[in-house]
Each structure stands twice: as structure tokens, then as C-alpha cells.
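J.: Protein sequences, first through last, are from chains A and B.
Each residue of the first sequence is one higher than the one before, counting from 1221 in our numbering.
Each residue of the second sequence is one higher than the one before, counting from 1221 in our numbering.
For the record, the hints were derived by calculation from the structure and aren't laboratory data.
Check before you lean on any hint, since a few could be wrong.
Pairs count within a copy or across copies, as identical chains cannot be separated in the list.
Lysine to aspartate or glutamate pairs mimicking EDC-like chemistry, simulated, CA-CA at most 16 Å apart [to be verified]: (1) K1286 / D1227; (2) K1584 / E1309; (3) K1391 / E1309; (4) K1306 / D1238; (5) K1512 / E1309; (6) K1599 / E1588; (7) K1302 / E1488; (8) K1286 / D1238; (9) K1585 / E1556; (10) K1599 / E1235; (11) K1306 / D1424; (12) K1348 / E1574; (13) K1306 / E1595.
Number of protein chains: 2
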Amino acid sequence: MKIESIDFFYLSMPEVEDIGDGSQDSVLVRVRGGGLEGWGECEASPLPTIASYVCPMSHSACKPVKYAVEGMELKSIADIQKVTQKVHEHSFDLLQADHTLSGIDIALWDLLGKYLEVPVYELLGYKKSYPKLPYASMLFGDTPAETYAKARTGRSQGFKAVKFGWGPIGKGSAQLDTEHFRAAREGLGVENYLMVDIGTVWHDDVEKAKERVAALKSIDVYWLEEPFANMALGAYQALSKYNIPLAAGEGCNNYLQASAMMEYAGLEFVQIDTGRVGGITSAKRIAEDTEKRKLTYVNHTFTSHLALSASLQSYAGIEKDIITEFPFEAKSLCEEMTVSKIQPNTDGWITLPEQPGLGVEINKKGLEKYIVDTEIKVKGNVIYQSPDF
Amino acid sequence: MKIESIDFFYLSMPEVEDIGDGSQDSVLVRVRGGGLEGWGECEASPLPTIASYVCPMSHSACKPVKYAVEGMELKSIADIQKVTQKVHEHSFDLLQADHTLSGIDIALWDLLGKYLEVPVYELLGYKKSYPKLPYASMLFGDTPAETYAKARTGRSQGFKAVKFGWGPIGKGSAQLDTEHFRAAREGLGVENYLMVDIGTVWHDDVEKAKERVAALKSIDVYWLEEPFANMALGAYQALSKYNIPLAAGEGCNNYLQASAMMEYAGLEFVQIDTGRVGGITSAKRIAEDTEKRKLTYVNHTFTSHLALSASLQSYAGIEKDIITEFPFEAKSLCEEMTVSKIQPNTDGWITLPEQPGLGVEINKKGLEKYIVDTEIKVKGNVIYQSPDF
């Protein structure tokens, strides 16, 4: 089929708060062809991401992302893979391009699956989609007492794994952090997985991390996530010598960066956001590498069930990699994005839908109120205007 | 002084061609404070770069770049360094942010230099600015005969160093590439430096590079530039074992990436574009590292003499690193950007201006005709409109 249109929707909550909650806005991508619609989501700042699709060319290696995809033929997996190659060949000097590509790539996989009437994980070569164990992702409380209360809530809701992150952690004293770590473990109980996410606060300062190692070990942390910035390879490598299981990768915006993190950062868990890394095409290639390297692949998903389905496809068939990030406190925008949801079963496990494509239906009616009316005009011509559902 | 305004100018040639010439458009940044103006340039796609400055916040780590700089106090170097820290703390999920930061950082150094009445290289701690030897950067010809003719021209113009890149190279057979390499050397003569730039065409395919190693050695190539994509660390590392001097780094958009390339890519030459890497602040930190690691720092500059001055400051005081990229075939937009130019002396060497700041004056009158009239409207409010000079 021929791709007939590609539309970007800038969606947002009426008010965006200055908190570590990525579900407050969204870039939704719709791809139309053959009488069907495919949907994808970029986990990215909407305006620069849309600008990267529509901007005028700067030179041969700094073209808008639309160059790689407008009017293309879509019949096979190879056609989708060609889009990534074209973006990297023609837009490698456009930094934001990988984030823009991500939503397009996801939408193309959704569309191809619908066209061929198979779930995306089958297109990716997996015979089966294995159940995954979702963990609840929570922000640390403002005080250790609040962190404790949040952990209790997670436990009472039946979560077997909880990740705490962001909020005050890493910014104050090691002593205060230790109190938060212990509060989380006490609230959650010893029988459940507990993960800690520093949110890159220490940038590349290994000393800050070393001061917390003993406390993290004492709460038997399942992983320590993003103590440092993306690509701070030396800092990660140095910390990995202290036998703390490290998790990172959500900041990678392409396969090569993820590959570098796998090779040099001493990670045990490789966390990939399909909405940032270039979509399902890059995510699947990374998942194959984690298998070869005997590392564990984990999705990074903090937004909608569309993003969740997209993020699970790339490692759906890897039976041993069971841990899954699951949007637990998402804002109403992301809650309302899809008609159908990927719900945990009574044992707390989730499985991908068996419907064609990504298997989730977009809630067009419900999303209308979140559209951020946007217009970009260059030389008197409107090159972007918010589309209709 | 207080920063009173920060303005972004989207400038472009009337027609942008699909060729590897980055001087066809520009993002110029003006920072005003204390009755003075500082100027910087982002080597980046204009529209996404501007969007990254003005876009609404997505969450605490995905804020517009303006958050880090609007209304700030500028009195010392530390104030400028704080901007980089703030961007990385508050905008690390906004991929394009580093390119936006680059022009701002350069403009802040220019302004601080003017305010304190010293050249930027002195602010950076260098006592002296050493002369540099510019090389002519040329595109390979369409045929080996054309490449030969271009090399002859470079030689007859008195260049002691010429770099050939892009065009057909790397895309056809190894035999054809070999003919281009030999034509370049024959045309240039054995007494001059000859560099070859593959422009990342092989992405991460080491085999393609290996097929050309013998030919590159036979022409005594001074360096082989960007055989692979930015961050293809494994491919670079593998190729470095073949004793070909490797150059790369222009694709790095922050210090951490450059640091990873220095540590793991087996480079001998570290090429930094101040307009991409986060500005002079990051570039200087990288220059310090190249000294410690006994590598050679080289600027990447293909545009204006504003960009050239900015790119030279960070290694102006490193006497041994003499090689400098110099814009030789820039389009009229970049030619006309500055009133003053950094011209080679009779021996072919260049030296930084001794005037305060970057020491180049912007040609406001001449640039008016290149302004690309642009408007971005969100929720009915104009959040960006092309400013006046």
C-alpha cells in the first residue's frame, strides 16, 4: 500500500506541572494507507519533534524527517527498516530526528500489522508473546514517611515489583536518601522487587553514587537506575565495579548509543523507550543484542497503553525477560488515549493483545479536548497546523 | 549585568541545495545585556532549534531551553557554566536542547568578553592565542579526474593541507574510491597534508572500511574522518587496530559523547563543532581532555567567521594543535555574516582577533535579506516570531 498521510498531534494536559511525570503531554502520530490507520507515540517534546518533521532542508544530511517517509510504499518489514536507514542517512545532523522517527516507525508497524492481519510481535519473528510482570513506577515522596505510605499502597494493590524514583532523591544528603530507601523497602516488604531510579541527577559524579552504595545494598535493590546521564560510560563503568546491578538506556536515541551502553557501561538491565530510540525497529535490534550479551531487556514506558504495547513488542518473545514498566499513575491524557487497555490478570501479569498491529484502539473522541492548537508558518506558508482526528 | 533579551534569527539562502554544504542556512543568536550584544551561531536545523527554546514544558526534565537562561545574571565564567548545568538538569529529555544551547553559550562568552574587555580565549585561561594552519575542505569530484583537478587547484592556491570528502566517496566500489584517493594525492603533491572524510557513509560497517585501508595508507592519508556514525564506538575501535589515524567528533552534541569517543573510539584527532557540542563551555572541557590524553583537537567549522572564531577559542592556547578547518567555499549568507574576517597571513596561517569577546562584528544590514520569516503559534499565542536586527 502507499502511505497517504502522516499526521502529528500535539496533546497536553491543560496544566503541565514541574514534576518528573512524562505523561503530561504527548506526540501522537497517525499514518494512513490502504484504508487503514496506524498509530504511534513519540516520548518527546512535542513542538521540536513536529518541527523536525516539517522543517525546511538545511543541507543533504540535515533534511526534515518527512523526506524519508512521505509517499513511501509499505508492504513488508523491509520497507519500514528502510525508513530508519533513510533518516540516518539524510537527517543525521538533525538532532531531534530520532525522536520524530520513533512515533512514525511505531505507527508503520501498527499499520503493517493491521494490513497483514497479524500482531506486531509476530511480524518481528516471535512465535509467542510471553507474559510480563509489571512493576509500579512511583515518584519518591517528599519525605521518607510519604515514601513509606506510597510503598504500602503499591503493596496493598498487589504489585510484586515497585520502582521509586525522582522527587527529592539524590539531591540532598546520603543520609536522607538512605531514609527514603529504607522507607520504601519497609513499606513494600522483603518479598517484593524494589528498584531505585536516580533520574540522572548525579550526571557523571561517581562519588555521589558511591556514598549510597551500602544503603542500596542493605535494601537489596533489584536495580539502580540512571545514576548518571546517558552516555556517561566511564562513570557507569566505574560504579559497576561495586556490584550494584545497574539499569539504564532510556536516554538512548538510537541503536548505536544503546550498543555503546551495553558494551561499556557495565549494565545488567537495558531500558529502552521505543518512543525515543527510533521506534520498534531499533528496539528489536537492541533486544536481539541483549539476548546475545546475556543482559536483561526492560521497556521504559511512563505514558499511554499505546506506548506500552509498542514497547512490549520488541521483547515479547524473550521468555526470561519478565520485568515490565507499566504506567501506574499516568495523567488522564494518557489514561484516555486508548479505548482498550493492557490489564494485569489476577496474578498481576500482563500479556500483549492478540489483535493485528499493536492491538490497541485510539480513543479519538476522548482525545479531542487535549489537542494543543498549534501552527508553524515559514515564509508566509503554514507548514504545520494541528490536524483533526 | 542582567540578560535582557535572547533572540534567535533563522537565516537562509533563497534556495537550499541537496548537497553536503552546511553553510546554506544558519541559526544566529543575539544576547543583550548591559548595553552590549553578544552573538553566537548554532550549527543546527533552525526550526527545531528555535522550537526547543520556546516550546512549552513537557515535564521537569523536558523544559524549554529558555528556562535555563532567561533573566539570568552574567558577571563571570561561572554564570555561563551554570547555564550548561541547568540545561542538562532541566532539559535532558529534550534531544535538540544541546544544539540550541550551543549558540546561546557562544553568545554569552562573546558578551562576557565584551563586558570585561578581553578576548574569549583569555577568559578561558589561555595567555596567548597561537597561529593555526587552515586546511581547505573540498568535496570529492564526481570522477577521479575531477578530484585530481580540484587537488591541483588547491595546491596552486598555496594550501599546505587539503581535505576531500563526501560526494561519491564510500558509496561505490573500493576500486573507484582508490582511484579518487590516488587522484587527490597526485594532484596535491607528496609534500602537503591530505585528509579524507567519509561523512559517516559506512554507518558501522567495518568491512567497507577495511577494503580501503591499503589504498588510504598508500596515499599517506593524514587522517581518515568519520568512516562511521557518531557513537559507533565498536566500529571505530575495530578500525583503529589497522593503524589508520582516525578523526571524528563533529557529531557529538555534548561533553559526555565526546568523552566516550575519546575513550573508546581509538581516535587520534578529535573534531569538535562548537555550534553543536553545547558551545565554548563544552568545547573547552573537551580541549582540556585532548591535552591530557595526548590527542589532537581540531575544530569543525563549515559556516561563518563568527562560528570560526567561536570554534578556535577553545584550543587557541594549545600550541601543538595547529590544524584548523576553515570555511573556503561558504555560501554568501555565511560570507556576509560578519563585517570582519579571520584571514590567512602571507604564509597561510590564521590567528584569532585580539578584540574583546569573539572579536568579529555582525553585518546586520547585510543579513536582513537572509531572514526567513517564521512564526510559531500555540493555543492562539505567538510564542516565536522572527525578530529584527
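J.: Each hint needs a verdict: does it hold in this structure or not?
T.: Hints versus structure:
1. Taking the shortest Cα distances, K1286 and D1227 sit within 16 Å of each other inside one copy (11 Å), while across copies they are farther apart (28 Å).
2. Within a single copy, K1584 and E1309 get their C-alpha atoms no closer than 34 Å, and across copies no closer than 35 Å, so neither meets the 16 Å cut-off.
3. For the homomeric pair K1391 and E1309, the shortest alpha-carbon distance between copies (12 Å) is at most 16 Å, but the shortest distance inside one copy (40 Å) is not.
4. When the C-alpha separation of K1306 and D1238 is checked against a cutoff of 16 Å, the pair qualifies only between copies, where the shortest distance is 14 Å, while the shortest distance within a copy is 36 Å.
5. With identical chains, the CA atoms of K1512 and E1309 are never at most 16 Å apart, being 27 Å at best within one copy and 34 Å at best between copies.
6. Only between protomers do K1599 and E1588 lie at most 16 Å apart by alpha-carbon distance; the minimum there is 14 Å, versus 29 Å within a single protomer.
7. Proximity of K1302 to E1488 under the C-alpha cut-off of 16 Å is found in neither arrangement, the shortest distances being 31 Å within a copy and 33 Å between copies.
8. In the homo-oligomer, the alpha carbons of K1286 and D1238 lie at most 16 Å apart only across protomers (15 Å), although the nearest pairing inside one protomer, at 32 Å, exceeds that limit.
9. Taking CA atoms no more than 16 Å apart as the test, K1585 paired with E1556 passes inside one copy only; the shortest distance there is 10 Å, against 52 Å between copies.
10. In this assembly of identical chains, K1599 and E1235 lie within 16 Å of each other by CA distance solely across copies; the values are 13 Å between and 32 Å within a copy.
11. In the homo-oligomer, the alpha carbons of K1306 and D1424 lie at most 16 Å apart only across protomers (15 Å), although the nearest pairing inside one protomer, at 33 Å, exceeds that limit.
12. Taking the closest pair of Cα atoms, K1348 and E1574 come within 16 Å of each other only inside a single copy of the chain (10 Å); across copies the shortest separation is 68 Å, beyond that limit.
13. Taking the shortest alpha-carbon separations for K1306 and E1595, neither the intra-copy value of 27 Å nor the inter-copy value of 29 Å comes in at or below 16 Å.
Figure legend: structure checked against the earlier numbered hints; hints not met, in rising order: 2, 5, 7, 13.
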